[in-house]
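**Q** Going down the list, the sequences are from chains A and B. Taken in order, the first sequence gives residues 1 to 261; the numbers are from full-length UniProt numbering. Taken in order, the second sequence gives residues 1 to 343; the numbers are from full-length UniProt numbering.
Among the clues, some could well be false.
To be verified - Simulated DEER-style distance windows between Cβ atoms:
#1 A:CYS231 <-> B:ARG243: 17 to 23 Å
#2 A:PRO61 <-> B:GLY20: 22 to 28 Å
#3 B:THR146 <-> A:GLU208: 42 to 48 Å
#4 A:SER84 <-> B:TRP200: 38 to 44 Å
#5 B:THR12 <-> A:HIS205: 51 to 57 Å
#6 A:ARG258 <-> B:LEU335: 46 to 52 Å
#7 A:ILE116 <-> B:LEU16: 25 to 31 Å
To be verified - Some chain B residues flagged as far from chain A (calculated, every beta-carbon gap over 10 Å):
#8 PHE11
#9 TRP57
#10 SER166
#11 MET167
#12 ILE221
#13 LYS222
#14 THR226
#15 GLY230
#16 GLY238
#17 PRO311
#18 VAL330
#19 ILE332
#20 LEU334
Calculated from the structure, these hints are not laboratory results. From the three backbone atoms N, C-alpha and C, an ideal C-beta is built for every residue, glycine too.
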Amino acid sequence: MKEDTSRHTVLSATDLAIGYKKNKVARHINFALNGGELTAIVGINGIGKSTLLRTMAHMQPPLSGSIEVDRKPLDTYTPQKLSSKISMVLTEPLASKNLSVAELVALGRQPYTNWIGTLTEDDRQKTEEALAALGLASIRKKKCYELSDGQLQRAMIARALAQDTAIILLDEPTTHLDLYHKVQILKLLKSIAHETQKTVVFTTHEIEMAIQLCDKMLLLNGTDNPFGQPCQLIEQGAFEAIFPDDTVTFDGETGTFRIKK
Amino acid sequence: MNNFGTYRRPFTFLALALLGSFLLNIGLGSIHIPFSDTLNVIFGGTASNSSWDYIIWNYRMPKAFTALLAGSALALSGLLMQTLFRNPLAGPFVLGISSGASLGAALLIMGSSLLSGILSFGFLNDAALAVAASLGSFLVLLAVVTVASRVKDTMALLIIGLMFGSMTGAIVGILSYFTEAEKLQQFVYWSFGSIGNLSWPQLALLATSVLIGILLSVFAIKSLNTLLLGENYAQSLGINLKRSRYLIIVATGLLAGSVTAFAGPIAFIGLAVPHLTRQVFRTTEHKILVPAVLVYGAILLLLCDVVAQLPRSENVLPINAITSILGAPVVIWLLVRKKRMIF
Numbered sequence: 001m002k003e004d005t006s007r008h009t010v011l012s013a014t015d016l017a018i019g020y021k022k023n024k025v026a027r028h029i030n031f032a033l034n035g036g037e038l039t040a041i042v043g044i045n046g047i048g049k050s051t052l053l054r055t056m057a058h059m060q061p062p063l064s065g066s067i068e069v070d071r072k073p074l075d076t077y078t079p080q081k082l083s084s085k086i087s088m089v090l091t092e093p094l095a096s097k098n099l100s101v102a103e104l105v106a107l108g109r110q111p112y113t114n115w116i117g118t119l120t121e122d123d124r125q126k127t128e129e130a131l132a133a134l135g136l137a138s139i140r141k142k143k144c145y146e147l148s149d150g151q152l153q154r155a156m157i158a159r160a161l162a163q164d165t166a167i168i169l170l171d172e173p174t175t176h177l178d179l180y181h182k183v184q185i186l187k188l189l190k191s192i193a194h195e196t197q198k199t200v201v202f203t204t205h206e207i208e209m210a211i212q213l214c215d216k217m218l219l220l221n222g223t224d225n226p227f228g229q230p231c232q233l234i235e236q237g238a239f240e241a242i243f244p245d246d247t248v249t250f251d252g253e254t255g256t257f258r259i260k261k
Numbered sequence: 001m002n003n004f005g006t007y008r009r010p011f012t013f014l015a016l017a018l019l020g021s022f023l024l025n026i027g028l029g030s031i032h033i034p035f036s037d038t039l040n041v042i043f044g045g046t047a048s049n050s051s052w053d054y055i056i057w058n059y060r061m062p063k064a065f066t067a068l069l070a071g072s073a074l075a076l077s078g079l080l081m082q083t084l085f086r087n088p089l090a091g092p093f094v095l096g097i098s099s100g101a102s103l104g105a106a107l108l109i110m111g112s113s114l115l116s117g118i119l120s121f122g123f124l125n126d127a128a129l130a131v132a133a134s135l136g137s138f139l140v141l142l143a144v145v146t147v148a149s150r151v152k153d154t155m156a157l158l159i160i161g162l163m164f165g166s167m168t169g170a171i172v173g174i175l176s177y178f179t180e181a182e183k184l185q186q187f188v189y190w191s192f193g194s195i196g197n198l199s200w201p202q203l204a205l206l207a208t209s210v211l212i213g214i215l216l217s218v219f220a221i222k223s224l225n226t227l228l229l230g231e232n233y234a235q236s237l238g239i240n241l242k243r244s245r246y247l248i249i250v251a252t253g254l255l256a257g258s259v260t261a262f263a264g265p266i267a268f269i270g271l272a273v274p275h276l277t278r279q280v281f282r283t284t285e286h287k288i289l290v291p292a293v294l295v296y297g298a299i300l301l302l303l304c305d306v307v308a309q310l311p312r313s314e315n316v317l318p319i320n321a322i323t324s325i326l327g328a329p330v331v332i333w334l335l336v337r338k339k340r341m342i343f
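Given these sequences and hints, build the entire structure.
**A** Dropping the structure here:
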């Protein structure tokens, strides 16, 4: 991969602690993410992957430490300003499944539209590009309740893409999908990151796939949270420590987990 | 992705239907007036019988305008509630907003023995009734929203609305138990719902609050569309959640509250019309839905009123009974046909 001079730190965290007042979930989180990189956040259930994602999107405050977007503290952004920097794909279901795919994707243009939400020519074009990029042009008129899980997830990603932000955060984008569609979504994310120079971050339980596909990984374990390229993390033996070792072990040679007999 | 142009045909149809039902509403009543005379009077002429002039101008016209305003306002408030609460079963009646208005009206009518000196029957009293009912609906709405921000489950929200409804109902019950017969009668008549008792000045007052409500809703269109994704997504799209929520609530309170104040609680228009509209306009875009529900709601209430008058008979049925008898089956039919109500 050739080095891009425009590549710089887009999203970073320094000694970040996240969680809720009574329940500190994880601390000492450090990372620096560049444009054009696909990053996975992994860790066991309840370790705070979604909380971290929400904190990165300024939907909840950090307990301590700092997050910077484009080298400026996150809390200096107004919600309006931030909406043109960070887009999200969440696990929560759509409130209205009656939206058509095209309507859903076009809603991604909201931060740029006027007071009543009129789409300009530019907005329409960006919507079309997002639909085309995710292969949704043929089902653009379908309602969301008619879509399969994989199609719906692609539509949600297209909406985030239409929002035209430097950073896309996705919360478990591959849950409920079969192996084929999991790989499809992850490869799509990778090509989005590499081709559009966006910073794409997602939480996942698919550690083995993430090792194969991602540029960087953040392993949340609640204490030191190793961060780096997957191969580096394997060398450090970071994956062995993710799960309690009474059930599974990690095989560094193949990058896979084995069930302990 | 939708604009007005795509929907020119249904809108033209709706506009014609509105005109038709408005004329039908004025043309029919307990006294038979030839249709040519009715048209004549509406367009500035005089009827062949001068008492017909009087009936049309001072009875049928205000009533038709009230039906038009009330239908539009209730339908729009239903749409606002359904989108805000992301719940297809939301509506001014279900969420206890109408009961809140009832409570306000009850406190004023039946509790007014305490302030009897201040309130003389007249314009001030009507304004006071409107304010009291609107305040009542606001308060219940605020209470529902406060609780709603704590419970995420939309089903729980409906139950809370129902609970508030029965609570206000109970207070109204206690008030009625202790009040004088004459005041009780006044309140009972109010609660039947009637759109036939408004004078032109009262109508002007109703029109003003409904127009303000519509205007606020227009300013909420963008956030309404974004709320279709859910609150977290709306937030990530830069929408000021708190402000849009209050904007929508104030608009709903004005729309449902003022109508309930002047015309009494009218059921099902708010719940059913948004669904009927979505059947015709297959879109979720509020730029289309807002004007569509306004017209649709007006047509429906005008037609319900035609039925309620039992043309050519002496009797007039309570409008609330008609909307319920017609509305409930519509909602059931929608539920059965679509398996689940999608909004």
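**Q** All hints, please: hold or fail.
**A** For each hint, the structure was consulted:
Between CYS231 (chain A) and ARG243 (chain B) the Cβ separation comes to about 48 Å, which falls outside the hinted range of 17 to 23 Å. Evaluation of the 22 to 28 Å hint for PRO61 (chain A) and GLY20 (chain B) yields a failure: the beta carbon distance comes to about 57 Å. Range check, THR146 (chain B) to GLU208 (chain A): Cβ separation about 46 Å, and the 42 to 48 Å hint holds. Separated by about 51 Å at the C-beta atoms, SER84 (chain A) and TRP200 (chain B) break the suggested range of 38 to 44 Å.
Between THR12 (chain B) and HIS205 (chain A), the C-beta spacing of about 54 Å keeps the proposed range 51 to 57 Å intact. Between ARG258 (chain A) and LEU335 (chain B) the CB atoms are about 51 Å apart, so this pair conforms to the stated range of 46 to 52 Å. Evaluation of the 25 to 31 Å hint for ILE116 (chain A) and LEU16 (chain B) yields a pass: the beta carbon distance comes to about 26 Å. With a least beta-carbon separation of about 17 Å from chain A, PHE11 (chain B) lies farther than 10 Å from that chain, consistent with its non-interface assignment.
Consistency note on TRP57 (chain B): stated as away from chain A, and its beta-carbon is indeed over 10 Å from all of that chain's, at 38 Å minimum. Every Cβ of chain A is farther than 10 Å from the Cβ of SER166 (chain B); the closest lies at roughly 28 Å, confirming the non-interface assignment. Every Cβ of chain A is farther than 10 Å from the Cβ of MET167 (chain B); the closest lies at roughly 28 Å, confirming the non-interface assignment. With a least beta-carbon separation of about 5 Å from chain A, ILE221 (chain B) fails to lie farther than 10 Å from that chain, contradicting its non-interface assignment.
With a cut of 10 Å on Cβ distances, LYS222 (chain B) falls inside the contact zone with chain A, its closest approach being about 4 Å. For THR226 (chain B), the requirement that its beta carbon stay farther than 10 Å from each beta carbon of chain A is not met, with the minimum near 6 Å. Interface exclusion of GLY230 (chain B) from chain A breaks down, the closest Cβ pair being 4 Å apart, not more than 10 Å. Against chain A, the non-interface label of GLY238 (chain B) is violated: not every CB pair exceeds 10 Å, the least being about 3 Å.
Taking the minimum C-beta to C-beta distance to chain A, about 38 Å, the non-interface status of PRO311 (chain B) holds against the 10 Å cut. Its beta-carbon lying about 18 Å from the closest one in chain A, VAL330 (chain B) satisfies the requirement of being farther than 10 Å from that chain. Distance to chain A confirms ILE332 (chain B) as a non-interface residue, since its nearest Cβ pair spans about 20 Å, more than 10 Å. Non-interface status of LEU334 (chain B) relative to chain A is upheld: no Cβ of that chain comes within 10 Å, the nearest being about 13 Å off.
In summary, the structure is inconsistent with hints 1, 2, 4, 12, 13, 14, 15, 16 from the numbered list given earlier, while agreeing with the others.
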